Every structure is written in C-alpha cells, then in structure tokens.
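Undergrad: Could you build the full structure based on these sequences and the hints that come with them?
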Amino acid sequence: MNKVKQFKNIIITKPQKLDCGKEISNFPISYETYGNLNEKKDNAILVFHALTGDQFASGKNPITNKDGWWSYALGSGKAIDTEKFFVICANVIGGCMGSYGPSTIDEKTGKPIGTNFPVITINDMVNAQYNLLEHFKIDKLFAVIGGSMGGMQVLQFVSNFPDKAHIAIPIACTSSHSAQNIAFNELGRQAILADTNWKNGLYEQNKTSPDKGLAVARMAAHITYLSKKGLQEKFGRKLQERDDLKFSFDADFQIESYLRYQGSVFVDRFDANSYLYITRAMDYFDLSKQFNGNLSAAFSNTTSKFFVISFTSDWLYPTAENREIVIALNAIGVDVGFVEIESDKGHDSFLLDVPDFLDTLGNYLKTNFKTVNEKRI
Amino acid sequence: MKKEFKLISELILQNSKVLDVGCGDGELMKYLKDNKTSKIRGLEISKNKVQNCLSKGLTVIEGNAENDLQQFPNNSFDFVILSQTLQAFLDPEKVISELLRVGKKAIVTIPNFGYWKVRLNLLIKGTMPVTENLPNEWYNTPNLHMCTLRDFFNFCSKREIKIFKSLALKNDKTLNLSAKNLAWRNLESQLGIFLIEK
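In the order they appear, the protein sequences are chains A and B.
Here the working numbering is used: position 130 in the first sequence is 130, and no number is missing along the way.
Here the working numbering is used: position 121 in the second sequence is 121, and no number is missing along the way.
In short, the hints are calculated from the structure, not lab data.
Careful: at least some of the hints might be erroneous.
Computed list of chain A residues with no C-beta within reach of chain B, every gap over 12 Å [unchecked claim]:
1) Lys40
2) Ile105
3) Lys108
4) Thr115
5) Asp163
6) Ala179
7) Lys199
8) Ser264
9) Arg269
10) Ala297
11) Ser310
12) Val326
13) Ile332
14) Ile341
15) Leu351
Residues from chain B shown here face chain A by an in silico Cβ test under 10 Å; the list is partial [stated by the list, open to error]:
16) Ser16
17) Gly42
18) Lys47
19) Val50
20) Asn52
21) Gly57
22) Val60
23) Ile61
24) Glu62
25) Gln70
26) Phe72
27) Lys162
28) Lys165
Note that the coordinates shown come from a computational prediction; the quantities given were computed from them, not determined experimentally.
Using N, Cα and C, we set each Cβ at its ideal position, and we do this for glycine too.
TA: What follows is the structure, encoded as structure tokens:
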C-alpha cells in the first residue's frame, strides 16, 4: 500500500448516488493519459482496469517501478496505439491508487476511511469515471476497452451511456458473476478477515498490516488466472533450488515459491480493504438482473459496435460466458464481432504477449477508426 | 473474384441485411460491403479466418452453423448465404430450416455430385469420385452429405421450400436452371445456385 505519491486526479464535486443508497461528493478520481487528444476530440479511448490494476496501464508504474499492467497492448505502435489514440485510464473508486477508496484519509478524523467506506458496485465505478469525459470535454469516445473486471465496466458503461462510445470491446469477462467466481472471491476475503492484523479494517490506526491474509488471497486468485496446462508446462513438479524433497513445509516446489513471491510483492502495492471492496463489487455484478433477467435489454439503446474476445484456456470467465454477451447482442441485431483466441495462458492471456490477440485487437481498432472517420466526413 | 460470388451478389438487393454463413476469409462479405450493403455479418468456424475478417473491419462471429444460428431471431436478415458448405454438415436438413428461419430468403450453392465427370469416375473407375471441385479422397473428405442438383430440387419440393431462382455453373459459364432442363444441367454443370424461401 502506498501513501507516497500525489497521483494525477480530478475532484468530482457534484454528488453521486451509489447503488447502496449513500451519496458521495467531492471525491478524487486519479487517472493517467497516454497519447494526445486530437483537435476534433474523436480519438479517445477509455480503458478500464481489472481487480488489481490501476491507472498505470502503460509505461513505468511509479509504485512498483515495473511496466504498466497493459504494456503489451498499450503504447506507441502497439495494438492500442498511442501515436493514434488518446487513452485515459482511471483508478476505480474503491481502489488504492489515489481514487476515492477505503485508504483515503477521512478529513474529519485524519485517518483512513477503512470499512466505513460504502460498498460500491461496478455501476458506481463506471458512473464515477464518466466524469472524465466532461473533464476532457469529449462528447463521444472512440472506444471503451477492458478485460476481466474491466470488461464488466465496458458492458456497464455502454448500458448506462448508450451513445458515448463508437466501439465497445469487453475481453475475457462475464455479464454476471458466477457462483464459482463469487466462491473464489469469498476465499480471498476470508483469508484477509482471518488475519488478526486486519483489526476490523482499522489496521492503519493499529499500525499493523494484514499482509499474510492479503498474500494468501492473492495466491489463491493467481491460480485462477492461469491454466492447468500453463502451470504444468512452466513448473511441473520442478523443485525450488534443491535436489530433493526436504520433508518439511518449506517451498519445495517451484510453484509454491512462485505463489509465495506473487503474494509477497502484491502486499507492497495493494490495500487489503480495497481488495475486499473491489471483489465485492465484482460479485454484485449481474447486468441482466438490472434488466429483469433480460441481458439484451441492457443494450437496447446502444449505438456502439461490439467486439467480444475470449480465450480458450480461460476457466475463470470461460468462452461460454463471453458468448452469452454475443447472443444477447445478436438477439437485438446489435453489430457484434466475436472470436475465441487460442492460448494456454489462462485468464491472464489478455495481459500477456499473445500475438493473435494483440494483432486482432490492433487491426480491429485501426480499421474501425478509419471507417468511423470516413463516415463523419 | 470467383464467378460464384459474382452471381450470389447479383441476387442480393441493395442495402439489405445479409448474413454469410461460413464466410471464410470474408472475400464475398467485403465485396458485398463495398458494393451492396453495409449491413452484413458473417459466421465462421475457423479462428484464423475470423481474426482475418475482424482485422479487415468485417463483423464476424466465431461459430458453427449447426449450433450458433439459433441465437439469431426469426427473419433477422433479408438474405442468408451458404456457399458450398451444406454437404459438410451433420444435419443439412436442420441447417436449411435454420437458414430459412433466420433469413427471409436464403442463397444456397451446391457442388453438383451429378456432374458427368463425377458419375464417370464411379462408373468407369469404380472409385469414389475425385475432381477439381471435389479434391478429397473418401477417407478425408469433409463432405458428409453430397447431393446432385436434382436431389436438391426434390428436397425443396418435399419440404415445400420455394425456389425463386436457380442457376448452374458450367466451367464458369452461367446457365439458367429449371425443372425443364434439369436432366441436362444436372449432367453438365459443376455447381448449382439456389435462391430459396420457406
């Protein structure tokens, strides 16, 4: 977790009614931009991040000093080409990278809001980020794009604002969080709550940190982002810097060591309470329920053209769930393309170097940007 | 472009809604998009081909006609095209009925198993026919349900499907095709093109 930097942000002054009934106002949304907004302001793309992502989609992340989470896809000459497009990426509310969240300092008490932060939804996240369009005086985005929870935000965005994006690209996501999805999130939350250092969410005040719990949450989640085949090929039963089993509970296997490492680096950059709130928001996501069980109705006024992408080895948000979105769109004649990309890299495929995915995404954006511009002239 | 595609596009009305089932690399779709209508969609089973189509700006979904046509509502297209793939389905009868449910009209093209070279192959050599149009051996052909132009005529009359227009291709030469000249056309042509409606 970090209190180090002042992130680039806007303060949303006008009140926003949340799904839980509470109202928030004067709250920060931190964001980053990549590339330049052209004069006509028609080359803007809003990218939504996933559960543990942030606004640093590309370039160096100042907290981790590592490449941004979507460096493979986003940048100069990449699929989302910053020579051509102006890309905005904001930290979701509930997050811990400068946007309004449980680690935000409550001005009245001088302490983090913690579990007094309201339970938020994907809908709340999207409505908060919509303010960025007004901030940049963008009438219509060229595209909204996101994977995983970012894809859920894409779906919610086009449903809430049917004429605000030419193109919508939800990737490796679902329109409704499944029992299995909720179960894995609950496992992560329980790991955090079981850590005695969590202190009912008041760990800052108590000068503790539920690192163990958060690390276990991350380890469990990380397994769901990979495929069995990918894990087997990368790690198999290989031993970690030893010739034989040690008959102990040390990390004998490379996979154990790898997961422990993933857990340990995660706690340095992520807030445990944010993890609770954001996973809750994902669990509450059920777009068809918002429209009385009719997913098509969520898109009945849309003017966007859709491109749905899934991955063969993604068992967290499998192709069948992505296809449900396609079916709902086809049922009402919305322009929708769909492809399942072949990859062994599991749910994480959308973040990684998967050439078929990156090429298709890049070409799709390029061709459609040309078409949208021609239509306007 | 293939002569077959030219003939198909001539059957399609300007600005109509079109679905190309088994659109391949999108050659026909692209032509139709540039010349006839912007309201064109494709369905294709091969991932690589779908990726090519999407890269060209064509709206294509990955899927198989036997399972994935069901997501489209009744009469959601003016024309549904099925080019030379009917014989490759497990259940061609179901596919035809789905085409005619989803589309107001369907354009179906059929490689003719009644073509004289095919008949001669079997008659003289006594082996399953291998020709330019049907290049595979019996053990690796994707074609499960070959038929002749006459078979398709009979099928349509049995199922009460109206044939609006039918054409035959003989070495890239277009011939009119009707019940009257069927016996001869069924012998001399490699391909049949049918515009049908339920």
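Undergrad: At 12 Å, judged by beta carbons, does A/Ile332 keep clear of chain B as stated?
TA: The assertion about A/Ile332 is violated, with a minimum of 8 Å to chain B.
Undergrad: Please settle this one: A/Asp163 was flagged as non-interface, so is its CB more than 12 Å from every CB on chain B?
TA: Per Cβ check, A/Asp163 is outside 12 Å of chain B; nearest 19 Å; holds.
Undergrad: Can you verify the interface hint for B/Val60: is its Cβ closer than 10 Å to any Cβ in chain A?
TA: holds, 6 Å
Undergrad: A/Lys108: least C-beta distance to chain B exceeds 12 Å?
TA: holds, 52 Å
Undergrad: Double-check B/Lys47 for me: the hint is only fine if its C-beta lies closer than 10 Å to a C-beta in chain A.
TA: Since chain A brings a Cβ to about 6 Å from B/Lys47, closer than 10 Å, the hint holds.
Undergrad: With chain A as the partner, please determine if B/Lys165 meets the hint condition of a C-beta pair closer than 10 Å.
TA: Constraint on B/Lys165 not satisfied, violated at 27 Å.
Undergrad: Could you let me know if the closest chain B CB is still more than 12 Å away from the CB of A/Ile105?
TA: Given that every Cβ of chain B is farther than 12 Å from that of A/Ile105, nearest at about 46 Å, it holds.
Undergrad: Hey, is A/Ala179 genuinely clear of chain B, shortest beta carbon separation above 12 Å?
TA: The assertion about A/Ala179 holds, with a minimum of 24 Å to chain B.
Undergrad: Holds or violated: is there a CB of chain A closer than 10 Å to the CB of B/Ser16?
TA: Hint on B/Ser16: violated, closest Cβ of chain A at ~14 Å, above 10 Å.
Undergrad: Answer holds if the nearest beta-carbon of chain A is closer than 10 Å to that of B/Glu62; otherwise answer violated.
TA: holds, 5 Å
Undergrad: Answer holds if the nearest beta-carbon of chain A is closer than 10 Å to that of B/Gly57; otherwise answer violated.
TA: Constraint on B/Gly57 satisfied, holds at 4 Å.
Undergrad: Hint B/Gly42 vs chain A: min CB-CB distance below 10 Å?
TA: holds, 9 Å
Violated hints for the displayed structure, listed by number in ascending order: 11, 12, 13, 14, 16, 27 and 28.
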